[in-house]
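Asks: The primary structure of each chain is shown beneath.
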Amino acid sequence: MAEAIQKKLQSELEKYQQLQKDVSKSMSARQKLEAQLTENNIVKEELGLLDSQNTVYKLIGPVLVKQDLDEAKATVSKRLEYINGEIQRYETLLKEMERKSEQHREVLSSLQQEYQRAQGQAVGKV
Amino acid sequence: MAYLHDQMAATGKVKRSKDLPQGVERLKEEHRKVVKDCRSQIEHWNKVEKDYESLQERLRTLPDKLSYDIMVPFGPLAFMPGKLVHTNELTVLLGDNWFAKCSAKQANTLVEHRKKHVKNALDDLQKVMKNFQNRADFTDDLKKLTGDTEGFLDIREEVINEEDFTKGKHRLAHKPNSKPKQEYLLELEEDKEKKEEDEERKTGLLSEEELWARLDELEREEELQDERFRLDSTDTNGEDTTSSSEEEKEAESGSGVQVNGHQKENGWVPSSITSQMNGTNGSHPEDEEVEDCDEEAGNGLPTIYFSHTAEFKKVRINTGKNTTLKFSERNEQKAQAKRKKKSGKRNGHSHEGYKITSPADIYRVFVDLVNGEPIPRKSILKSRSRENSVCSDTSESSTADFEERRAAFGRSWSHDDATHSDTSDGFTGEESPTGTSPRTNGRFEAFTGTVIEKDPLSCSIPHLTIAPPALPTIPERKLEEVGPEALQEPPKRMSKFKATRLHQT
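Just so you know, the sequences run in chain order P and V. Taking our numbering, I'd label the letters of the first sequence as residues 6 to 131. Taking our numbering, I'd label the letters of the second sequence as residues 48 to 552.
Please note that the accuracy of each hint is not assured.
Once the Cα atoms are required to be at most 25 angstroms apart in a straight line, the calculated BS3-like pairs of lysine-lysine come out as [to be verified]:
#  : chain 1 : residue 1 : chain 2 : residue 2
1  : V       : K152      : P       : K49
2  : P       : K100      : P       : K20
3  : P       : K78       : V       : K152
4  : V       : K148      : P       : K37
5  : V       : K174      : V       : K97
6  : V       : K162      : P       : K63
7  : P       : K63       : V       : K148
8  : P       : K26       : V       : K80
9  : V       : K148      : P       : K49
10 : V       : K148      : P       : K78
11 : V       : K148      : P       : K71
12 : P       : K37       : V       : K94
13 : P       : K37       : V       : K166
14 : V       : K174      : P       : K83
15 : V       : K162      : P       : K49
16 : V       : K152      : P       : K71
17 : V       : K80       : P       : K37
18 : V       : K83       : P       : K37
19 : V       : K163      : P       : K49
20 : P       : K37       : V       : K152
21 : P       : K49       : V       : K83
22 : V       : K152      : P       : K63
23 : V       : K162      : P       : K37
24 : V       : K97       : P       : K49
25 : P       : K78       : V       : K163
The hints are simulated quantities; they were obtained by calculation from the structure and are not laboratory data.
Chain P extracted, bound-state conformation (with noise of 0.2 angstroms):
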């Protein structure tokens, strides 16, 4: 009986752990969209200071390409849209997660406590 529970509660703490595991790396994730987000407004504010007679170039690979003032503008600015979306879909992902790893150290601490009582009947026992 008190096996039984033990092997639940391991499996149930691989659970949990594997679920804590992909929160951290959806949070890193999320990091690095916002530390992106915080560069492509840069960018975008430096391309506001320019004007069109500066060439704007673009590094693709081991290549800049000419890229024209207002074109580079709009891509800039598409770029930021994508990155906030990718933000708001990993909140909503984080969010989810929390709530599973919740349920989870529920489900854990209430196997623990049966582990507990087993433990103490079979002590009891014996």
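We have chain P already, so just place chain V on it with the hints.
Replies: This is chain V only, laid out in the frame that chain P set:
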């Protein structure tokens, strides 16, 4: 940063749930970690800013010459002589793999823009660091507070002889007299409320008492604060009014509680009873001045036991309305005096034995002199002060009670007071004349004038009707007025006290 914050907060919370010393330690650790991180980040950003500044310098000087002779890095280990040309044409990395060709001046503008961002980041970091530093300090203090007792002084106001306090209250006092009072009320049958209140009183005595005690406590605290305030500040008026208003509020609340009790006792009650009532209601500081006594140090912390002083210095010039600092003070003083008297501890008979240490004392004395019955005077004064001040619940009698009393006895006084108040410029309410009187007596210290302002209408109506008849000597009257609370309360509340005092005097 926000993430860090949340982490910190989370860990902090977790820490707090643990044992205090361990938790505190851990909390401090985490705080320190955050602070360190902040510091390192600030350093980093400072470096970045310096780099940008040197870059700007370079940009300024670069277009000076058409070309420069330089040593060009050739691979990781070698240099070769070369020329730097097109000195004004720069390809600037805008971020995220975007480049722009621009002149030196334009590049300068871009750099300025970036520096702004860096400054913002720096400010945020500074704020966070300061925040966490404060938190860390606070946890330190917390630890000290709970653990060590060094440097912390607990200031308490000991309420010795709580029974005295409660006894002084009309509720307790009334118990023995409750019957006669009830009868009285029943006889009157004018106010059904009285009856109801009587009943209520009986049943809700305890609760009222508790409330009363609590209110007194609050009042005392307020007064303490006000005293300190007054002592510290030069602008007595402003402070007084604020403090008095605070007291008023307290008194109001207190009066609200006491109203039931008071009403039971209406002014018709014989003086002794009323005195009891007053005593109970105004179970507030007597005219005694309380000394700081370091008594029973029951805590680990060195404790300063402070007892409320019933100084009338709190008499204030009423700039606003309803300043009743005096009122509550008087109550406290009365209560303390009573307590002291009963306990026989602190000052002993100081206040009772004509030891005039505060204006209230004088009033007490004068009250005795003027009338055979100081009680009514007190009540009158109180009622007046109460009228003006909402809180004025120091005296037991409710406003009705007071008015009755006034009608019976103190009309002249009140009228006088009213006139005084009218005439006096800065003073509003009755307290002002009373405030001046203590000064004139020369016994009182500088008066930080708390004038308890009573509704001129309420008091004036009954009072004005009566022409100023032969009144007791002005100083006396003023004294009476000044110490309406003190006078009113002690007589009511402490009939015994009064009796002893009278005997003594």
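Asks: Please go over all the hints and tell whether each is borne out by the structure.
Replies: Now for the hints, and whether the structure bears them out:
This hinted pair checks out: K152(V) and K49(P) have alpha carbons roughly 19 angstroms apart, not beyond 25 angstroms. With a CA separation close to 17 angstroms, the supplied pair K100(P) and K20(P) stays within the 25 angstroms bound. Of the supplied pair hints, the one linking K78(P) and K152(V) holds, its CA atoms being roughly 21 angstroms apart against a limit of 25 angstroms. For the given pair, K148(V) sits about 28 angstroms from K37(P) by alpha-carbon distance, which is inconsistent with the 25 angstroms threshold.
Restraint check for K174(V) and K97(V): the C-alpha separation of about 21 angstroms stays at or below 25 angstroms, so the hint holds. Simply put, K162(V) and K63(P) have alpha-carbon atoms about 23 angstroms apart, close enough for the 25 angstroms limit, and the pair holds. Between K63(P) and K148(V) the alpha-carbon distance is near 11 angstroms, which keeps this suggested pair within the 25 angstroms criterion. Under the criterion of a C-alpha separation no larger than 25 angstroms, the hint pairing K26(P) with K80(V) is consistent with the structure, at around 24 angstroms.
Distance hint between K148(V) and K49(P) is fulfilled; the C-alpha atoms sit about 16 angstroms from each other, no more than 25 angstroms. Annotation: proposed proximity of K148(V) to K78(P) holds, straight-line Cα distance about 15 angstroms (limit 25 angstroms). A C-alpha spacing of about 10 angstroms is found between K148(V) and K71(P), which places the hinted pair at or below 25 angstroms, so the restraint holds. Proximity of K37(P) to K94(V) is assessed by CA-CA distance (about 23 angstroms); at most 25 angstroms being required, the pair is judged to hold.
In summary, the hint linking K37(P) to K166(V) is supported, as the alpha carbons are separated by about 22 angstroms, within the 25 angstroms threshold. The straight-line distance between the Cα atoms of K174(V) and K83(P) is roughly 33 angstroms, outside the 25 angstroms bound, and the hint therefore fails. The suggested pairing of K162(V) with K49(P) holds, with an alpha-carbon distance near 16 angstroms, which does not exceed 25 angstroms. Taken as a hint, the K152(V) and K71(P) pair is honoured in the structure, with Cα atoms around 22 angstroms apart against an allowance of 25 angstroms.
A distance of roughly 23 angstroms separates the Cα atoms of K80(V) and K37(P); the hinted pair therefore holds under the 25 angstroms criterion. Straight-line distance between C-alpha atoms of K83(V) and K37(P) comes to about 23 angstroms, which keeps the hinted pair within the 25 angstroms bound. Among the hinted pairs, K163(V) with K49(P) is consistent with the structure: their alpha-carbon atoms are about 15 angstroms apart, no more than 25 angstroms. Taking the CA atoms of K37(P) and K152(V), the gap is near 33 angstroms; set against the 25 angstroms cutoff, the hint is violated.
With a CA separation close to 33 angstroms, the supplied pair K49(P) and K83(V) exceeds the 25 angstroms bound. Pair hint K152(V) plus K63(P) holds up; C-alpha atoms about 22 angstroms apart against a cutoff of 25 angstroms. With a C-alpha separation of about 22 angstroms, the suggested pair K162(V) and K37(P) falls inside the 25 angstroms cut-off, and the hint holds. Restraint check for K97(V) and K49(P): the C-alpha separation of about 24 angstroms stays at or below 25 angstroms, so the hint holds.
Between K78(P) and K163(V) the alpha-carbon distance is near 21 angstroms, which keeps this suggested pair within the 25 angstroms criterion.
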